[in-house]
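**Q** Line by line, the protein sequences are chains A and B.
Quick note: to get my numbering, add 532 to the position in the first sequence (first position is 1).
Quick note: to get my numbering, add 532 to the position in the second sequence (first position is 1).
FYI, nobody ran anything at the bench for these hints, they're computed from the structure.
There could be a bad hint or two in this list.
If chains are identical, the list can't say which one is meant, so a pair holds when it fits in one copy or spans any two.
Think about it this way: if two alpha-carbon atoms lie no more than 30 Å apart in a straight line, the pair counts; the simulated DSSO-like pairs of lysine-lysine are [as the list claims (entries may be wrong)]:
1. Lys800 <-> Lys942
2. Lys942 <-> Lys782
3. Lys680 <-> Lys748
4. Lys1186 <-> Lys869
5. Lys1078 <-> Lys641
6. Lys966 <-> Lys689
7. Lys1117 <-> Lys748
8. Lys1099 <-> Lys631
9. Lys990 <-> Lys689
Just so you know, these numbers come straight off a predicted model, no measurement behind them.
2 protein chains.
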Amino acid sequence: MQSTMQSTSLPKFLRQKDEFSSQYTRTCRLDVEKRQSVLYVLGTTLKASLNRSAPPKTKYFSVKCTDNVQYIISPLLQTTSYLSPVPLMDNSVLLITMKEASVHENDNKLSVWYYDADKTVLDKAVLHLTGVDISLDVDADRDGFVEKNNPNKNTWKWGPHGHGAILLVNCDAESLYKKRPDHERNIKRRMSSDVKDMSPMVLRTKGPAKLPEGYKLVLHICQSDGEKIRVFISSVDHYPLVLYSASLSKEIPYLGNDEIKFYVEGVKFPDKDFDGLIHINLSLLEPISEGIPETPIFTDAVVFRVAPWIMTPNTLRPVEVFVCSTKDNYKFLKGMKSLVESSGYKLKICHEYMNRGDRWMQDELEFGYIDSPHHGFPVVLDSPRDQQLDDFPYDVLLGPDFGYVTREPKRKDVSSLDSFGNLEVSPPVTVNGKHYPLGRIIIGVAFPTASKGRNMTKMVQDFLWAQTVQEPIALFSDWLEVGHVDEFMSFVPAKDRKGFRLLLASPDAGYKLFKNLQNDGHGDAKLFEDIPDEPTITVNEILADKILQDENNYSQSCIDWNRDVLKRELGLDDEDIIDLPVLFKLVEDGGQYRALAYYPDMVNMIVLGENLGIPKPFGPKVNGVCALEQEMVSLMGNLGLTCTFIDDFTSYHKLMGEVHCGSNVRRSPFDFKWWNMEM
Amino acid sequence: MQSTMQSTSLPKFLRQKDEFSSQYTRTCRLDVEKRQSVLYVLGTTLKASLNRSAPPKTKYFSVKCTDNVQYIISPLLQTTSYLSPVPLMDNSVLLITMKEASVHENDNKLSVWYYDADKTVLDKAVLHLTGVDISLDVDADRDGFVEKNNPNKNTWKWGPHGHGAILLVNCDAESLYKKRPDHERNIKRRMSSDVKDMSPMVLRTKGPAKLPEGYKLVLHICQSDGEKIRVFISSVDHYPLVLYSASLSKEIPYLGNDEIKFYVEGVKFPDKDFDGLIHINLSLLEPISEGIPETPIFTDAVVFRVAPWIMTPNTLRPVEVFVCSTKDNYKFLKGMKSLVESSGYKLKICHEYMNRGDRWMQDELEFGYIDSPHHGFPVVLDSPRDQQLDDFPYDVLLGPDFGYVTREPKRKDVSSLDSFGNLEVSPPVTVNGKHYPLGRIIIGVAFPTASKGRNMTKMVQDFLWAQTVQEPIALFSDWLEVGHVDEFMSFVPAKDRKGFRLLLASPDAGYKLFKNLQNDGHGDAKLFEDIPDEPTITVNEILADKILQDENNYSQSCIDWNRDVLKRELGLDDEDIIDLPVLFKLVEDGGQYRALAYYPDMVNMIVLGENLGIPKPFGPKVNGVCALEQEMVSLMGNLGLTCTFIDDFTSYHKLMGEVHCGSNVRRSPFDFKWWNMEM
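Work the whole structure out from these sequences, hints included.
**A** Right, here's the structure in full:
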C-alpha cells in the first residue's frame, strides 16, 4: 500500500481550502490501539484532533494517504509536506475529505505516525476509508424535474428567485368506486395513476456495491410532520407506504450506484397549527456495538411546502357554471342557460334528487385549486353550512383530479355567515407597494365591538388565513339579515386602471336615481309592475317614506364603512369603485334590525368574462324602459361589459337571495404561480 | 354664522395636503334632506361625494365653513375659492378635517350649496361638526412612560430602533395569604400593590364636556386575546376588571378634557399557539337609531408583546444558590456552604420537610426572569418532573416579585429528560453573523432516527421554542442513563475570545491522561482511594479493560456528535472548547445500554463567577495529588478560574448525579434588554 501514498503540497492545500470549509464537519476519532474503518460521505469533512489520541511523549507526527484522500492540517505549518515528521501542537487538527466515491470497501487509507523527541516512531493511527456519495433530491428549483443535490433543497424561499420543493394535498379521488379523497384511502400503498398527484423525491447513491457491515440508511420525519405527509417508495408495480404518522422512520436499501424513487403526498392543508412546511431527512447510521443505538454520521434533508388552497376572482376565465334545478325556478334556469351558453361556457345543473330543494349553489361551496410545478387541479372547499345541498361537493365534484377539502366546526358554531356567499376574493392588487398577485380573500364578520353578533366560524377563518397567499380582509356583513358580503359588493373586469372595478350597492345612488326620476316628472312610475301578485309602489311613494330613508341611510353607512376598509386594504381609489343604485329595508329578527334588498339586488350578479348576469330589478319604467336597468347598462357599458337581466324575483329574491347566491362558477387558475409571490 | 365662514385659498390647500392624506379616511354622507350632525375625530379625514347627494339638475356647488374646519376638493379645480359656485363634476369629492377639538357640541359647521345651470340655489347640505381628540396610549417607545399618541403604537418591531409596548405575565404572588399567582387570583379587581406588575395604558380625550347623545367609547379585544390578558381600570381606591375572556368589550366613560388610566396584565406566556402579541382597541360608536347596532366611526389600537421567559447562563452574576439538606449529605452541604459564602453569595437550604429526601435541586426547576421597561422580576419554571421536591417552587419561591410558571403534560409523557438538568442556556453568541445576545437554550432529546427513545416532553419544548429570544438547540442526550445535557457539558466565563468556554466531558482526554500516567510509571495509582467501602481500581486496570475502552469510544462519539452540533449552532471554534478528562461506563436498562459517569463527572459543576464547585473525582494520585484534579486546576487556571473540589461521591455520584444536579443558582438578569434583539 505504501507505494500508493502521496505527499500533499501546501499550494494544493490552499487551492482546495474551500472543499474543507463544508458546513458538514464531523468530529472523528484517531485511535492508535486498533485499526479503524471510517465511512466518509462526499461533501463532508472529517475533523480529527491529532493531539487527543497521540501516545505519551509524542513530539512529532507525519501523515500519509492514498490518492483519493485529501487533507489539511490546522493550524497550517511552514512546511510543504507532512510525509516527514513535523512538530505536534496542542491544537493540531486534521481535516480530511475524499474526492470520489469508493469502488470497494476500505479502498482508501490515511495514516498518522507519531514520533518522540528523537523522531523515533511511537505508534500510528490508521484510518481505512470508504467514500460514498449520498443525496436525497427533490424539485427544489421548481421546474418540474428532480435535479441532483440542489444546495438549497433544505430551505424554502418565496419568490421568482426562491427555492424549495412543493407538495400537493392528495385530496382528489382517483377511483370513483367507494369514492373518497385519495389521502384518506388505503394508506398502505398507492396505485400508479395516483403518482402524478404526488411529489417525486429521489435517493441517489454512489459507492461500493454495499455499505460496510452494520451501516444503515434511514429515512425519517418528525412526529408533527408525520401527521401532514405520507411517503411512498417506487416498487415494481405499486407504491408501498414507507413513512406516515405511525411509522416515522424506515430503513432504506442502499443500492450502490443507483437511485430509488419516492413519492410524497400531503394529507393536511396549511392551517392555524401548520405553516405548510415539512422536512424529510435521510440519515446514515453508524453501528457501534451490540445493544448500543447507532449514531447518525450524516444527515441530508429536504423541505417541502404544502401548496395552499387558492380562490379564483371574477376576473379569471370561467370554465363551468353550476346552478340548481328546483320545482319553481324554470324561468331563472332558462335565463341562466341562455346567458351561459351564449357566453360560450358550460352550464351544469344540479338536479333536485341531489339538491333536495336547496338552491343556494353559491353558499354550499367555494371553487379553488392547488398547484405545483409538476401538477395541479381544482379543489372544492365545502362550507360547514351543510343544508340539503351538503352532499353535492363530495358526491358530484370530488373525482379524479378534482379535490375536496372541508372544515367541520361544531353545529352550534355555524351561522348564516358561514355560507360562502360570504367568502369572495378580489382580483390581483397592489397596496402601498405590496403586491397581491392572487388578490385577497374577503369575508364578512360581526363588528368586534358588538357584544353579540354572528361570525364566520373560527375554524374556517383559520383555514383561510393559513393559506397566506391571498391574505384575507374581514368586512362587516352582520348588518345584513342574510349576512353575506356578496349582498353589497362584487368585482367586474375592466380594461383600464387596475383591471377591474369594485361594484358596491349604494342606497344613496338609488335615492339619487329616484329623485331624478321624480324631478323629471316620473314620480308615478311603478316598481314591480310586471310581477304577478306583487304589490307595486311608485317612485313618489318610496321617496315619501321617511322610515325607509332612515333605513337606507343606515345601510349606506354600513356599506361606507366597508368601502373605507376595502379602499385601504385593496389600495383602491374612488375611481376604482362604482356605486350601483340598490335600496335596502330593515327587518326585525330576534330584537335586532337587519337589512335585506328592497328590490332585486343588482350587485349580486354572476360575472362571465364581459357578460354579466344581473338580477332583473323590476324598477320604475320610463318610456317602457326600466330606469334601474338603464342605469346599470350605462355604468357597465362604460367598461365594455354587457348586462343580461335575469328574472330571479319569485324563486330567489323573495327567498332572500339573487343570481350570485344561486350560482357558482369554476374558473381557470391564475397564470401566476403562487410560489413566485414575494412574502 | 355666515360671518365666521372663511374662504380657503389654493396655496393653503397644498400646504396642508398632508393633513388630508391620513390613513384614517371615513366616508361621510351629505344630506340635503335634513341637518346632519357629525362627530369628527382629530387626525382623521371625512370624505364626502359631492355628487352622490346633489339634487337633480345640479351643475354648480359652493362650500363654506367655520374657522376650525379645513377642506379640499378633489380633483383640484382651477380656482382659489369655493365660496362662489364652481362646476360640479361626477367625481367631485370633499375632504374635511378640523384643526382642534371642539369646546361645545356642534360648534363648527360646513355647508355645501348646490346650484342649477343658472347658478340659482337648488338646495344645501349642512354638516354640524363636533371635533374630539381621542388617543389610547401605551409605552410604545419603551422608556417606562406612556407617551401621547405614538404613531407606532399599534405595531410591534424588535430592535433598538423598534417600538411597541410590553406586557408582563402577572405570575408573581403579591400576597402570601392563600398564595397563588396573581393572574390566577381574584379576577374582579386588583390591589394597588399589584399595579407595578402591570402595563399602564391611558385613554386621553379632548373635546366638549360630553359626547353628543348616543355616541359611546368602547374598549374591546378579540376572543383569542381575551384568554391572554386582563385589563383593569384605575378607580378611586382599587382597580376593577374591565376586559377579560368573558367580557371582550366594555363601554368606557368619556371625560372631556381628561384621561383615564388602565392597567394591563398578561395571563399567558407565549406558547405554540400564541406568538405573544395582543391588541387592544378603542372604538367610538355612532348611534343610528333604536334597534340598530351602532357603527364604529373611529378605532384606535395599541399592541403589546407579552415578555418572554428568559434563562440565565453561567456567565451571569449569581444571586442565590439553592441546595437540599438530606439525612446523608452533610459533607456535601459543608463543601457547598464554604464555596458559596467564600464567593460572596447567599446559600439557601431547602430542608427535608420540604424536599422529602429529593436532593436534585437542578432537576425540579429552572430559574429565569421576565422584564419590561417598567418592571421585571425572577420567574421559576417548574419542571413536570414532579418528584418529592415538587412543592418547593410554588410553596417557597413564588411570592411578591417572584413569579411562577409551569407546563403540566400527562404523567405518561414525562421522562427523565424532562428534568431541568437537561435544560441549559449558552452565554451570548454570534453565529454566522446572527446575534444571540441572550444566548441559546440547550436541551437534550432522543435521536430522530431512534425508533424508540426518551424525549423532553413536547409541551415544555413548545414553551421554550415559543419564547423566541433564546432559540433552542436540541442535543442528543438519550445516550446517557439519566439523559441530561449537564452530564457532558457546561459553560465557564473567560476573559478572552467569546467571553466563555464550552467544557465537554471527554473520554479520549481521560484515556490520554491515564496513558500518560502509565507511561510516567504511575500505572499502579488507584482511583477511589479515600472513599470508605468503595473498591479501588488502578490506572493499569482501567487501561487494560477493553470493554470499558469500547464503551468510552461510544460515549466519545456521542459527545463528538453533540460537539459538532454545538460548534455549528453556537458558532464555536475548537479553541472555544475545553475537553475534560471524564470516563463513562455503560449500564443496561431494559435492553438498552446507556452511559453513566465512571468517576465523579467533573463537567457537572456549579459556576459562581470565577469560582467553580467541581465534583471531587477521587482520581489516581501522583505524589499525593489527584491527577484529575491537577488537570482541572491547570485547564481552568489558564482561564483565571479557581477550582473547589466538593465531595459528592456517596450522596450524589452514587445516586447518578453530581454537584450541578444537586444545586441551582438564581442569577442576575442580562443587562441587555430582550426587546432590543434584532429578529
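**Q** Look at each hint and say if it fits the structure.
**A** Against the structure, the hints:
For a Cα distance limit of 30 Å, the shortest separation of Lys800 from Lys942 qualifies both inside one copy, at 20 Å, and across copies, at 26 Å. In the homo-oligomer, the alpha carbons of Lys942 and Lys782 lie at most 30 Å apart only across protomers (28 Å), although the nearest pairing inside one protomer, at 38 Å, exceeds that limit. With identical chains, the CA atoms of Lys680 and Lys748 are at most 30 Å apart within one copy only, with a shortest distance of 22 Å there and 65 Å across copies. In this assembly of identical chains, Lys1186 and Lys869 lie within 30 Å of each other by CA distance solely inside one copy; the values are 21 Å within and 87 Å between copies.
For the identical chains of this complex, Lys1078 and Lys641 are inter-copy neighbours only, at 25 Å across copies versus 99 Å inside a copy, given an alpha-carbon limit of 30 Å. For the identical chains of this complex, Lys966 and Lys689 are neighbours both inside a copy (17 Å) and across copies (19 Å), given an alpha-carbon limit of 30 Å. Taking the shortest alpha-carbon separations for Lys1117 and Lys748, only the inter-copy value of 25 Å comes in at or below 30 Å, while the best intra-copy value is 73 Å. In the homo-oligomer, the alpha carbons of Lys1099 and Lys631 lie at most 30 Å apart only across protomers (25 Å), although the nearest pairing inside one protomer, at 61 Å, exceeds that limit.
In this assembly of identical chains, the alpha carbons of Lys990 and Lys689 lie at most 30 Å apart whether taken from the same copy (29 Å) or from different copies (27 Å).
Against the hints set out earlier in the document, no violation occurs for any number.
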